[in-house]
Amino acid sequence: MFRKLKIELILINLILTSILLLTIFSGIYVLMKSSFDHSAYMMMDKTLQMEHIKEGERGQKGPNPMVFIIKTDNKKNIIYIESNFKLTDNEFKTLKDRALKSDLKRGSITYNNLNLRYVRIHKDYGFAIVFQDKSFDNGALNSLIKISIIVCIVSLIVVFIISLLLSNIALKPIINVWEKQKAFVADASHELRTPLSVIRTNLDLVLDNHEETVGSQEKWLNNIKTETQRMTKLIEDLLFLARSDSGKKSLMRLKFDLSSVIIRSVTAFEPIAIQNSIKLKYNVLNGIRFNGNEGRINQLMVILIDNAIKHTPEGGTIKVNMNIVKNKINIIVSDTGEGIEEEYLDKIFERFYKVDKSRAKREGEGHFGLGLSIAKTIVDELNGDISVSSKPNEGATFKVVFKLA
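In terms of the UniProt record's numbering, the sequence shown is residues 1 to 405.
One thing to keep in mind: the hints can contain errors.
[Unchecked claim] Cross-link-like lysine-lysine pairs, in silico, DSSO-like; alpha carbons within 30 Å at most: (1) K233 with K399; (2) K310 with K279; (3) K399 with K255; (4) K134 with K86; (5) K71 with K86; (6) K101 with K75; (7) K134 with K76.
Calculated from the structure, these hints are not laboratory results.
Please read all numbers here as calculations on a predicted model, not as lab measurements.
Let's have the full structure, built from the sequences with the hints guiding it.
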């Protein structure tokens, strides 16, 4: 798919470049030819007015090509020839006849190896016709065509190379996202298939014992509830990211007590921390009001604290701090868990990314690689900044910064 797209991009660039170059060089060719014709006819008109060739034009080569004049009587018989061309009488007669037979008073004549312009006027004695050689002009135009072809070929080669490089650069992030999405679809399919299988198995057990009471089958029903909650969490995360990707900025902002929201978020996790033998501490500056979305901030804190608990072993410590430095609100969540290797720090907020795929799921928990991506999306929506610092076996520190409105 991407190979075809790359080829299409390169072809489009080559076609557009070809059209541009063709237009430019065609314009130059037309302008140059018009300029040659205009200058030549002006000189030929002057020659006809004087009815003889100026001394400087005799036998002259280059920009002022050789010319000759033929005069005829009213019966179109040649009565005078002034020429620096070495032509036979028959050739002069043939050129005269062609110029007189033409409906145009000025134009071009090709005869043997001669390529001539002519201008004729009617005189009292008959006709005066001036001829001019076009060899120099044609040579210049032919040289222009050759140069144009060479420039076009070289330009197209350069454009091809540049297009190839740029298409690789342009498609690289798209390919990366595509690969991550494919990996996520595979992971999500597995995560959805597993609870569905569990639900189906437990339902079969319930149906096989349809005479039993609900209380006696509570174990199977609780299993169904747990797996349903996991599926619901995954679907909600996907819907959140889909709404974010749609570009619809419908986030409502109101002033609220940020300190209270953070404290409530922390205290909600205290039972889980105690259950996992983890110390959960917080130091939150009181009375801080923030212009944002209370629900989003609560969701952000839940993600960060839940992530810290998942990766902090028994006996570890999690600290949540909030302070104000230089008119900026700093929310810091740190843990003493296994930490994150430096090579993964730049990717930790990428959607569908999991540092260790072997930890895709712990007992009773769903881990889909979406939490920190959602956290970053929330912070971005609120015009903030989120970063992480960590070393292996030394824990991780997530820092969120908002401007104090």
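Hint check:
no. : hint           : verdict
1   : K233 with K399 : holds (25 Å)
2   : K310 with K279 : holds (13 Å)
3   : K399 with K255 : holds (22 Å)
4   : K134 with K86  : holds (16 Å)
5   : K71 with K86   : holds (17 Å)
6   : K101 with K75  : holds (13 Å)
7   : K134 with K76  : holds (25 Å)
Comparing the model with each earlier hint shows no violations; every hint is respected.
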